[in-house]
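Visitor: Let the hints inform the model, and build the full structure from the sequences given.
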Amino acid sequence: DVKVTQSSRYLVKRTGEKVFLECVQDMDHENMFWYRQDPGLGLRLIYFSYDVKMKEKGDIPEGYSVSREKKERFSLILESASTNQTSTYLCATLSWSYEQYFGPGTRLTVT
Amino acid sequence: DQQVKQNSPSLSVQEGRISILNCDYTNSMFDYFLWYKKYPAEGPTFLISISSIKDKNEDGRFTVFLNKSAKHLSLHIVPSQPGDSAVYFCAAPFLTGNQFYFGTGTSLTVIP
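Sequence lines, in order, name chains A and B.
Heads up: the first sequence at position 32 corresponds to 32 in the working numbering, and the numbers run straight through without jumps.
Heads up: the second sequence at position 59 corresponds to 59 in the working numbering, and the numbers run straight through without jumps.
Since the hints were derived computationally from the structure, they do not count as laboratory data.
The structure displayed is predicted, hence computed values, not measured ones.
The beta carbon of each residue, even a glycine, is placed where N, CA and C say it ideally should be.
Errors might be hidden in some of the hints.
To be verified - DSS-like mimics (lysine-lysine), calculated; alpha carbons at most 30 Å apart, straight line: (1) B:5 <-> A:57; (2) A:57 <-> B:71; (3) B:37 <-> A:3; (4) A:3 <-> B:5; (5) A:57 <-> B:37; (6) B:37 <-> A:55.
What the hints assert, rightly or not - Covered by chain B, per the in silico footprint, the following chain A stretches (three or more residues, Cβ under 8 Å): (7) 16-27; (8) 68-82; (9) 99-109.
Guide: Structure, rendered in structure tokens:
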């Protein structure tokens, strides 16, 4: 069974803080993704990575950066959190059969 | 621009009846589609998929139909059960599969 874990289920941060969201997978998948989910907007891709140290911007990369130093770990960084980044953040991996496996999500609130 | 669209944000169905969730797409280059199910406070989980070489794929109570000419797919759940109450997303991978497009989701409520 693929396991995708995220470092926090719930997080509350203040405006301007630097925020790190970590994602770890145990299935040796090459591709990893960060999405945010907002009501009425579905899942929107922030960044993805297809290999260690490789990253590509998704649809909404502004205000975010990512890091992939090891194959199993993909981190999302909010350089200076803002209230409009309050959302649920989902990490995912991709199998060879194009199935994405998601972590449980991190509900981030920025006050 | 939304390339995968789910125009119904919510759907309510009686237990035992059929649930039909719809999805439209705009890009004729999409050749593979997936449905995901999401419970509150959990990540989406893969439900069923269909390749563009087929027009139907069935897995137990779940069937996905694809109409390529109309750029439309639908997920049928028969019979619907209260445990099916969740948000359903349709999705399509694009290019090398590194980019996925998701619909906005349909929240299904199955009434006991």
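Visitor: Just to make sure I understand the rule, a stretch counts as covered if three or more of its residues have a C-beta closer than 8 Å to a C-beta of the chain. Does the region 68-82 of chain A meet that for chain B?
Guide: violated (count 0)
Visitor: Are at least 3 residues of the region 16-27 of chain A within less than 8 Å of chain B when you compare beta carbons?
Guide: violated (count 0)
Visitor: Given the hinted pair residue 37 of chain B and residue 3 of chain A, is their alpha-carbon gap at most 30 Å?
Guide: Between residue 37 of chain B and residue 3 of chain A the Cα gap is close to 17 Å, so the pair holds against 30 Å.
Visitor: Need the status of pair residue 5 of chain B, residue 57 of chain A: alpha-carbon distance at most 30 Å?
Guide: holds (22 Å)
Visitor: For the pair we were handed, residue 57 of chain A and residue 71 of chain B, check the Cα-Cα distance against 30 Å.
Guide: Roughly 27 Å between the alpha carbons, so the hint for residue 57 of chain A and residue 71 of chain B holds.
Visitor: Regarding the pair residue 3 of chain A and residue 5 of chain B, is the alpha-carbon distance no greater than 30 Å?
Guide: Cα-Cα ~29 Å, so holds.
Visitor: Would you say the region 99-109 of chain A counts as covered by chain B, given the rule of at least 3 residues with C-beta under 8 Å?
Guide: holds (count 8)
Visitor: Hint check: residue 37 of chain B vs residue 55 of chain A, CA-CA at most 30 Å. Holds or violated?
Guide: With Cα atoms ~27 Å apart, residue 37 of chain B and residue 55 of chain A stay inside 30 Å; holds.
Visitor: For the pair supplied as a hint, residue 57 of chain A and residue 37 of chain B, confirm whether the alpha-carbon distance does not exceed 30 Å.
Guide: holds (25 Å)
Going down the numbered hints, you'll see the structure goes against 7, 8, while the others check out.
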